[in-house]
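Trainee: All chains, please: the whole structure from these sequences, using the hints.
Going line by line, the protein sequences match chains U and F.
Going by the working numbering, the first residue of the first sequence is number 1, and it counts up by one from there.
Going by the working numbering, the first residue of the second sequence is number 1, and it counts up by one from there.
Since the hints were derived computationally from the structure, they do not count as laboratory data.
Listed next, the in silico BS3-like pairs over lysine-lysine satisfying Cα-Cα at most 25 angstroms (straight line):
hint : chain 1 : residue 1 : chain 2 : residue 2
1    : U       : 360       : F       : 278
2    : U       : 418       : U       : 72
3    : U       : 177       : U       : 151
4    : U       : 175       : U       : 72
5    : U       : 278       : F       : 360
6    : F       : 418       : F       : 177
7    : U       : 357       : F       : 278
8    : F       : 72        : F       : 175
9    : F       : 24        : F       : 108
10   : U       : 175       : U       : 418
11   : U       : 445       : U       : 20
12   : U       : 278       : F       : 357
Note that the coordinates shown come from a computational prediction; the quantities given were computed from them, not determined experimentally.
There are 2 protein chains.
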Amino acid sequence: MEDISSYVQKNKERFIGELKDLLKIPSVSADPVFSQDVLNTAEAVKENLLKAGCDRAEICDTPGYPIVYGEKSIDPDLPTVLVYGHYDVQPPDPMDLWESGPFDPVIKQTPGHPEGAIFARGACDDKGQMFMHVKALEYMVQSGTLPCNVKFMIEGEEEVGSASLEWFIERNQEKLKNDVILISDTGMISNTQPSITTGLRGLSYVEVEVTGPNRDLHSGLYGGAVANPINVLAGMIASLHDENNRITIPGFYDKVEEISPEERSEMAKAPFSLEQYKNALDIDDVYGEAGYTTNERSSIRPTLDVNGIWGGYTGEGAKTVIPSAAYAKISMRLVPDQDWEEICQLFKDHFESIAPKGVKVVVKPHHGGQAYVTPIDSIGYQAASKAYSDTFGITPIPQRSGGSIPIVSLFEKELKSKTILMGFGLNSDAIHSPNEHFGVFNYLKGIETIPLFYRHFTELFRSQENES
Amino acid sequence: MEDISSYVQKNKERFIGELKDLLKIPSVSADPVFSQDVLNTAEAVKENLLKAGCDRAEICDTPGYPIVYGEKSIDPDLPTVLVYGHYDVQPPDPMDLWESGPFDPVIKQTPGHPEGAIFARGACDDKGQMFMHVKALEYMVQSGTLPCNVKFMIEGEEEVGSASLEWFIERNQEKLKNDVILISDTGMISNTQPSITTGLRGLSYVEVEVTGPNRDLHSGLYGGAVANPINVLAGMIASLHDENNRITIPGFYDKVEEISPEERSEMAKAPFSLEQYKNALDIDDVYGEAGYTTNERSSIRPTLDVNGIWGGYTGEGAKTVIPSAAYAKISMRLVPDQDWEEICQLFKDHFESIAPKGVKVVVKPHHGGQAYVTPIDSIGYQAASKAYSDTFGITPIPQRSGGSIPIVSLFEKELKSKTILMGFGLNSDAIHSPNEHFGVFNYLKGIETIPLFYRHFTELFRSQENES
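Mentor: Structure, rendered in structure tokens:
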């Protein structure tokens, strides 16, 4: 039986080529212009699952983009691993900041990736990381080492809120039955210090519109006499944080779980260089909620960020206008036990209440999801921890992430199982940014590590069964 | 000798057709995409001046768009009127709010314009109002009633700051020598209550850029840990006004002329309905500097407005990003004796000083001009007042406008003469907005009134000369 390292080395070029083929398709779910590309990507994923060894793979229609389902069953008495991933990608803009085309994958060497990294939108989030699981399955099938049943559920709307996923899960609970869920859509501390994400923040995303006069006005004739929607929106946004950078929405922090000092000092042991962090971003200082470190602010504390703002004349040159309206997209990252729908409502009630006279404010909740924490004493976590130890030679550090994967708490609620976040990305991979990339080292390491998870999990699962 | 009313009625269709031809050319000076159209408009203006009876008309090159110069000299002992106007127009956006094409002039009846109004970008500001002077010249030449010399100086960069005008004036002081300058680029109270603008606000226009991290960031991984340029920009903008809506830039009000209580109560006598004002804009309340009325806020007080703001993801759907940078275009309307360049500097110094840690701020002063007041005891004002009384049957009210025509104080400084603002537009003409229009009544009334200005001015000028 060929070991995984040899198999990976032998098939490395093909593994990279197959991933590049997937990356070439611009599966941008946020923009209907790309809808055929999204559908084509689903087809490509299905084909790849079949080639990797699934007994069956199908395109499952939903009210939105389809979900690709695949499975290989070997024995109903063995546990079942369900792999979740997404085949859609973030919009690529701003286009002018990409050094190579977002859908024209190329391998470039960088200081952080001496073995090269694949540059493309979706290289890391999530096609590269999702595809590791497909190649891991290929190995296990080819080498006859698949120790348990496996199912794949790969969706096409993760970047726009996974609206159809709950619909699909509700109607396919039997089909999706499993003992643990694997997701690779997170990162590690570094290529020499692996980590496993044990916590995810929740998300509440809203759009706001502030309207003043019923038409754009000449800022000479009307300037000073009427409320300017841009100035008003700026003031309302500014009021959402106090001088300690705490969010001022009434009730916002009511359900926030305060992390114990013990846990906070455990977290503080993870390697972190504030200087490197600042230098990587070219900022002279970090900034956040008083009383918390950078890592705490971006993992165990809730936040509010304006993701987009626009209004008035934004083209070349000057235009002296008071616009009729101004707009913003605002999102809040949440922690246990904040409820994302309640937070949207609290935001809406508060934001509409602070609208001054002279304007009308509309808040439209957009999408969201709950925060989540994976217990590190679960057999899923232990299996993953062993797998990383095997391939990296060092125990992974459990880490709470700032990102959100809203469907994780949905999975627990509907499918009654835990999710293990086996990520192989790096913070510097620039996901959601121009020049997103995924290290060749990371891609191949993931393919090598995942089969070890299957082995350890099946062993731990069977021990647990024998004990009970 | 045919009187002006008959002449106007007889030639009404042609007058409207010639103006429409001019309005069809999209002379948008702010956008280089339209540069050929701007040049074509200059040519058309020159042709019209010659047809109207100028002895000479020429396209004068400048470092920017050309200036169209025209003249008819009849006697060096007679006074000279210099007519200033501009043939460039504001950008038409937002395009989707126009009911007919911005460069497809049509006449539509409205409640405020029962005789119809010409709808097009530039109909009022400034092609319609500028062209009244060309048709007035045509009448005076055709009827042999031109009482004095006349010169035309029509530029193509007014909407973008008139950068070449000072250059042109400095080099052509002899050529532009005059006894009074006429500009029609302002409005009246109503079609039954004419008014003459006796004051203009100054203008300082700047662009600001707030940059945080060196790339767009994932708002999950980084949210809460770094300063978000949009949130920071919003806070900085919000801080520019205090709770009384006074501008907080140090030194901003130092040179502001406080208007006397007597003059304020004179101003308060002009007809004004706050209810109609609010209803016309569909706002539930006006808003401005504490202690001043709506008319005062928009004429004798300085202001600060954000004209445009943008940053982050503004497209369809959601994108959870912390953008690398956020931007705004900000302008301030000034009153005597604020100096526009000093105000730009005060803004820049202040705005850059309030930048918090974690971001870099760049302020780029853009363009501007001084405020201006026309004394109502000048013979130019008296001649205009008489002319309006003749054609409207009611004395015009002297009014201070909120708008800016920065070159007016430049004229006084370089050409040593006063400017009379003989406007025939209305505030409801929606200049700088979609569906800009100019009443047929107003257009024709202007053509009838202007020759009477020439007659009264020449009489008053000669009396003044005889007295001295």
